[in-house]
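Just so you know, the sequences run in chain order A and B.
Throughout, the working numbering is defined as the position within the first sequence, counted from one, plus 38.
Throughout, the working numbering is defined as the position within the second sequence, counted from one, plus 105.
Simulated from the structure, these hints should not be mistaken for lab results.
From the three backbone atoms N, C-alpha and C, an ideal C-beta is built for every residue, glycine too.
Certain hints may be false.
Covered, in the sense of this in silico footprint (three residues per stretch, anywhere, with C-beta under 8 Å from a C-beta of chain A), are these stretches of chain B [stated by the list, open to error]:
{"no.": "1", "segment": "110 to 116"}
{"no.": "2", "segment": "330 to 338"}
{"no.": "3", "segment": "356 to 370"}
{"no.": "4", "segment": "400 to 406"}
Below, simulated DSS-like cross-link-like pairs (lysine-lysine); rule was C-alpha separation at most 27 Å, straight line [to be verified]:
{"no.": "5", "chain 1": "B", "residue 1": "K199", "chain 2": "B", "residue 2": "K429"}
{"no.": "6", "chain 1": "B", "residue 1": "K225", "chain 2": "A", "residue 2": "K77"}
{"no.": "7", "chain 1": "B", "residue 1": "K225", "chain 2": "B", "residue 2": "K289"}
{"no.": "8", "chain 1": "A", "residue 1": "K99", "chain 2": "B", "residue 2": "K211"}
{"no.": "9", "chain 1": "B", "residue 1": "K119", "chain 2": "A", "residue 2": "K50"}
{"no.": "10", "chain 1": "B", "residue 1": "K119", "chain 2": "B", "residue 2": "K230"}
The following label-pair restraints were derived from C-beta to C-beta distances [said to hold, decoys possible]:
{"no.": "11", "chain 1": "B", "residue 1": "E116", "chain 2": "A", "residue 2": "E85", "range": "47 to 57 Å"}
{"no.": "12", "chain 1": "A", "residue 1": "G87", "chain 2": "B", "residue 2": "T238", "range": "49 to 59 Å"}
{"no.": "13", "chain 1": "B", "residue 1": "K289", "chain 2": "A", "residue 2": "F40", "range": "36 to 46 Å"}
{"no.": "14", "chain 1": "A", "residue 1": "E85", "chain 2": "B", "residue 2": "G467", "range": "25 to 35 Å"}
{"no.": "15", "chain 1": "A", "residue 1": "G115", "chain 2": "B", "residue 2": "L242", "range": "16 to 26 Å"}
{"no.": "16", "chain 1": "B", "residue 1": "A128", "chain 2": "A", "residue 2": "E64", "range": "29 to 39 Å"}
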Amino acid sequence: MFKVTDHEMVPKHEVLTPQERKEVLETLGVEKEQLPVIKETDPVIKEIGAKRGDVLRIIRKSQTAGHSVYYRRVVEG
Amino acid sequence: MFMKLPPNIDEELKLYFEKNKIAKDKQDAIRAKVLDLYRSTTYDPEEPIGIVAAQSLSEPATQMTMRTYHFAGTAGIQVTLGLPRMLEIFDARKEPRTPTMNVYLKPGFNIDQVKEAAEKIKEVKLKDVVLSTTLDLTDMWIKCKIDMDKVRKLGIDPVKVAKAIKIKNTRSEFEGDTLTVTAKKSDVSNLRKLKYTIMETHLSGIKGITQVVVTKEGDEWMINTLGSNLKKVYAVDGVDPSRTTSNNIFEVLDVLGVEAAREAIVKQAQYTMEEQGLGIDVRYIMLLADLMTLSGGIKAIGRYGISGQKSSVLVRASFEETKKHFTGAAIRGESDPLLGTVENIIMNQVAPIGTGAFDLVGKIPGSDKKPAKKAKKKSK
């Protein structure tokens, strides 16, 4: 079976541990609610088994910077 | 400010150090210098990059030709390009005018195997294999002479041809090379209609894929299609799902998720601009794509998307449909805290961009008083 996460256009998504989440939010200086969003129903979320309320670290391949880091929180959707 | 270099510059530096055998102590000095240079090229805090991005995108867009066709004599698929395609991407249209897919096959496929796979993907309707039809208006039947060679070549079981027709009050039989469809209850005009209906019967391939073209990309053969259905194509034997993509961004969103959709927006917009010979920094497109996918789905840029859903009444009203937004705001009793750029320009105040984003907090020498919490806003 084909896994969505194997597709070249899908970057790496990782679920942050509560400890990591705290650190990330502190360094960025934002509240969790201010982060961009990813829906629960997203095919990637279903595959990696993230839950509502989790914060994901997304490591994108970037044309300009080699790779770049982005964060999204999982919401109902 | 950023204390780190972006990964690719870092890599390049490392390679350079290795190649030229540069001593450790010098490495740090070079790195610091590069970081300094890098910083000087980044935007300053509070610089309104959105406005810069908007201008950088729209100026070249005005130079875009409106025409989309006129490539006489080229083999391949006519895809919407230029300004209409740009609008499709940023207006987040559900279906592009010409949905296409780039289907890649697993490595090591030769041209014959690629052609075979292309046949499997292309939709075959009954009308594609029928040589001639005869209508009998007294006995109410339609006889279709079928191209058996073609049917066999496409790998369709001839018996299934008759079974594929599922229309009420008809009986279909297959004998030799003729398909006979008898209408149980019908009149003359309906029999003609019935003929057109049965011609559209789906026999094999993927629904909606009307055209397939085998092309070469680098050393590899791949398939371009007109019509898009990612989920079904992924299930076809020999297709490499990890590289196959569609130009239908909403389909990418459904099948591969938001991050892939963002990537698709960037790639499609960049491709469309470059195809027209317009160079634009990708970073602006990335900014737009990030904004469009912020909410986990895809939002359009215009009236029904980002610009029409801003929180500030004044900003919405200054964009489009002024009356609608003002009456709506009045009914709901909305207030506008004037936090953004546009609101403050409307109100003739210092906008919170650039140096206007900062307040001064100072201690007057010689006084023991605590500094004022907020400097007075300049309002001339």
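- request: Would you pick out the hints that fail for this structure and give their numbers low to high?
  value: 2, 6, 7, 10, 11, 14 and 15
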